[in-house]
Every structure is written in C-alpha cells, then in structure tokens.
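Enquirer: If you're matching them up, the sequences are chains Y and A in order.
Taking this note's numbering, the leading residue of the first sequence gets 662, the next gets one more, and so forth.
Taking this note's numbering, the leading residue of the second sequence gets 662, the next gets one more, and so forth.
It cannot be assumed that every hint is accurate.
Derived DSS-like pairs (lysine-lysine); straight-line CA-CA distance at most 25 Å [what the hints assert, rightly or not]:
id, chain 1, residue 1, chain 2, residue 2
1, Y, 741, Y, 689
2, Y, 762, A, 741
3, Y, 743, A, 715
4, A, 743, A, 715
5, A, 743, Y, 793
6, A, 702, Y, 715
7, A, 689, Y, 693
8, Y, 793, A, 689
9, A, 741, A, 715
10, Y, 689, A, 793
11, A, 741, Y, 702
12, Y, 741, A, 702
13, Y, 702, A, 702
14, A, 793, Y, 702
Listed next, the stretches of chain Y that the computed footprint assigns to chain A, with coverage defined by at least 3 CB atoms under 8 Å from CB atoms of chain A [stated by the list, open to error]:
id, stretch
15, 675-681
16, 684-696
17, 720-728
A few chain Y residues facing chain A, derived, Cβ under 7 Å [unchecked claim]:
id, residue
18, 664
19, 700
20, 705
21, 732
22, 733
23, 734
24, 736
25, 738
26, 742
27, 747
28, 751
29, 760
30, 765
31, 783
32, 799
33, 802
It should be emphasised that the hints constitute simulated quantities derived from the structure, not laboratory data.
Glycine residues also receive a C-beta, built at the ideal position from the N, C-alpha and C atoms.
2 protein chains.
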Amino acid sequence: MESRITIITLGVTDFQRSYHFYTELGFKTDAKPTDHIAFFKTSGTVLAIYPLDKLAEDISPDISIEKSAFSGITLAHNVKQKNDVNAVLIQAQEAGGRIVKPAQDAFWGGYHGYFSDPDGYFWEVAYFDQFKYDENGNLVL
Amino acid sequence: MESRITIITLGVTDFQRSYHFYTELGFKTDAKPTDHIAFFKTSGTVLAIYPLDKLAEDISPDISIEKSAFSGITLAHNVKQKNDVNAVLIQAQEAGGRIVKPAQDAFWGGYHGYFSDPDGYFWEVAYFDQFKYDENGNLVL
Numbered sequence: 662m663e664s665r666i667t668i669i670t671l672g673v674t675d676f677q678r679s680y681h682f683y684t685e686l687g688f689k690t691d692a693k694p695t696d697h698i699a700f701f702k703t704s705g706t707v708l709a710i711y712p713l714d715k716l717a718e719d720i721s722p723d724i725s726i727e728k729s730a731f732s733g734i735t736l737a738h739n740v741k742q743k744n745d746v747n748a749v750l751i752q753a754q755e756a757g758g759r760i761v762k763p764a765q766d767a768f769w770g771g772y773h774g775y776f777s778d779p780d781g782y783f784w785e786v787a788y789f790d791q792f793k794y795d796e797n798g799n800l801v802l
Numbered sequence: 662m663e664s665r666i667t668i669i670t671l672g673v674t675d676f677q678r679s680y681h682f683y684t685e686l687g688f689k690t691d692a693k694p695t696d697h698i699a700f701f702k703t704s705g706t707v708l709a710i711y712p713l714d715k716l717a718e719d720i721s722p723d724i725s726i727e728k729s730a731f732s733g734i735t736l737a738h739n740v741k742q743k744n745d746v747n748a749v750l751i752q753a754q755e756a757g758g759r760i761v762k763p764a765q766d767a768f769w770g771g772y773h774g775y776f777s778d779p780d781g782y783f784w785e786v787a788y789f790d791q792f793k794y795d796e797n798g799n800l801v802l
C-alpha cells in the first residue's frame with residue numbers, strides 16, 4: 662500500500678444542501694446539484710459528497726446508517742494568516758454551517774476554531790506558524 | 662476558503678494499536694508509538710491519529726465520544742493495477758484490519774473492496790481505468 666488517500670467521501674443526508682454548502686465555501690466541481698455524487702477539486706486529496714444511505718450500502722449491507730453526533734473524524738483546513746481562521750469560520754456559518762468552537766488560542770501553540778457542516782462533520786480551521794506548506798498549501802512533514 | 666483539506670484526523674481508542682496498523686500498511690511518520698499524536702506523510706493531505714476522547718474535547722466539551730458503527734465518512738485509496746485491490750485488502754487484514762467487502766466489480770464500472778481499520782473506519786481500495794492521476798498518485802479532476 663502506498664501512503665496515499667485519494668478521496669474523502671462524506672455521506673450526506675441532503676445532497677443539494679451539502680452541494681450548496683461546499684460550493685459556497687469555494688470548492689469547485691463539475692457536478693450539478695441534481696447529480697448523485699459530487700467530486701470537489703482540492704490540492705491533494707479529493708473531497709466527495711454522496712448520499713449517506715448509498716455510501717453505507719456501498720460498503721456492506723450490514724452497515725447501519727445511524728450516526729452519532731461525532732463521527733470520530735475531523736478534517737483540518739490550515740490557513741496562512743491568523744486572521745483567516747475567523748474569516749473562514751464566518752464564511753462557513755454564512756454558507757449554512759455552525760461555528761462549534763470560535764477562533765481561539767490552541768493548547769499546542771497555534772490558533773484555531775471548528776465549524777460543523779450541514780451533516781455535523783467537523784472541520785478544524787487552524788493557523789500554526791511552525792508548520793511548513795508546499796506551493797499547493799499542503800502540509801510538509 | 663481555499664479548496665484544501667490539510668489533515669484528516671482519526672480519533673482512535675488504542676493509539677499504539679492504530680500506530681502499528683498504519684505503519685505496517687506503509688504510512689511513514691516521525692512520531693513514536695508512545696507519542697500522543699502521529700502525523701503520517703501522504704501525497705497531498707496528511708493523515709493523523711489522535712485519541713478519540715481528546716479529539717472530541719478539542720472540538721467542544723459538548724461532543725459525545727460515543728460512536729456508531731458507521732462514521733459516515735470513507736477514505737479511498739485508489740491503485741494503479743486491478744490486482745492491487747486484493748493485495749491491499751489482504752495487507753490491511755494482516756496488519757490487524759478487517760476485510761468488509763472483498764475485491765469485486767463495482768456498479769460504477771471499476772473494481773473495489775473495503776477494509777475497516779482497528780477503530781472501524783472504512784477505507785475503500787479501488788481501481789478505475791477512467792480516472793487520471795498526477796505523478797503523486799492523486800486524482801486529477
């Protein structure tokens with residue numbers, strides 16, 4: 662196995678709602694709101710949205726689609742300027758998300774906040790001057 | 662917001678178990694099994710593991726750490742050869758994962774299967790000759 666994640670797929674309960682949420686945040690896709698799956702271009706891994714019940718069905722007939730409040734997974738969006746943290750949180754709220762943790766100092770030395778998308782998936786928006794990024798904004802380890 | 666996911670963090674219930682699982686699958690990290698967080702190098706988005714309770718706490722004190730069987734999120738690992746699908750599934754099983762869907766034809770024209778990691782997070786392993794990849798193996802949309 663090569664160390665690569667090609668696609669992250671979020672199972673969504675209202676496809677058009679999620680489509681508009683992510684396109685309003687600036688994610689680009691060739692899909693239409695009436696399609697059944699949308700692949701969003703990102704630098705690196707592709708983000709996809711797909712109906713939750715169909716995603717569960719694709720894995721196995723035994724997968725329950727009941728979700729708890731916390732999926733156990735977070736997606737992080739790191740920004741280049743400290744002020745961008747709050748700006749992105751507000752943008753997410755205006756697009757139909759919810760600010761779960763307002764912009765604040767993080768215990769690990771950075772500055773961050775969290776928003777949830779319409780299905781309750783959590784995105785961390787973070788600024789950390791000790792991280793290095795490549796020309797595409799991806800984290801360099 | 663730029664269309665970028667910097668980090669995917671999986672909240673894990675046994676850090677050392679997950680550390681060994683992902684390092685056995687070939688994911689590289691500078692972290693030690695006794696650390697509190699591990700960032701794995703990938704082409705594009707970084708994969709991280711972090712204790713589930715601490716991840717929930719980092720989002721908000723209101724987040725319950727009870728997880729259902731399905732997080733609602735899948736991670737896809739696309740391979741370049743059809744035979745690699747089964748090979749990766751077997752590798753994941755040998756590293757302590759579970760094959761949830763054996764390698765088979767997919768309804769969308771490709772060939773795929775699923776494994777779950779020690780915390781039940783689902784990875785799709787897929788081959789599709791209609792997808793294009795860049796030199797790092799990332800999907801080109």
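Enquirer: With the threshold set at 25 Å, check whether the alpha-carbon distance from residue 689/Y to residue 793/A stays at or below it.
Expert: 17 Å, holds
Enquirer: Given a cut of 7 Å on the nearest C-beta pair, is the interface hint for residue 747/Y held or broken against chain A?
Expert: 12 Å, violated
Enquirer: Hint check: is the beta carbon of residue 799/Y less than 7 Å from a beta carbon of chain A?
Expert: Since the shortest Cβ distance to chain A is 6 Å, the answer is holds.
Enquirer: Can the restraint linking residue 743/Y and residue 715/A be considered satisfied, given a maximum Cα separation of 25 Å?
Expert: 24 Å, holds
Enquirer: So, as I understand it, the hint says residue 664/Y touches chain A; can you test that by seeing if any CB pair is closer than 7 Å?
Expert: Holds, because the Cβ-Cβ distance from residue 664/Y to chain A comes to roughly 5 Å (cut-off 7 Å).
Enquirer: Taken at face value, is the distance from the CA of residue 702/Y to the CA of residue 741/A at most 25 Å?
Expert: The given pair, whose Cα atoms are some 20 Å apart, holds under the 25 Å limit.
Enquirer: Regarding the hint that residue 732/Y lies at the interface with chain A, is the smallest CB-CB distance below 7 Å?
Expert: Nearest chain A Cβ about 4 Å off; hint holds.
Enquirer: Against the 25 Å threshold, does the CA-CA distance of residue 702/A and residue 715/Y hold or violate the hint?
Expert: The given pair, whose Cα atoms are some 30 Å apart, is violated under the 25 Å limit.
Enquirer: Hey, does the residue 705/Y contact hint survive, CB to chain A under 7 Å?
Expert: Because about 2 Å separates residue 705/Y from the closest Cβ in chain A, which is inside the 7 Å limit, the hint holds.
Enquirer: Double-check residue 736/Y for me: the hint is only fine if its C-beta lies closer than 7 Å to a C-beta in chain A.
Expert: Holds. Min distance 5 Å.
Enquirer: Between residue 743/A and residue 793/Y, is the straight-line Cα distance small enough, at 25 Å or below?
Expert: 35 Å, violated
Enquirer: For the pair supplied as a hint, residue 793/Y and residue 689/A, confirm whether the alpha-carbon distance does not exceed 25 Å.
Expert: Distance of about 17 Å is within 25 Å: holds.
Taken one by one, the earlier hints fail for this structure at numbers 2, 4, 5, 6, 7, 9, 15, 26, 27, 28, 29, 30, listed in ascending order.
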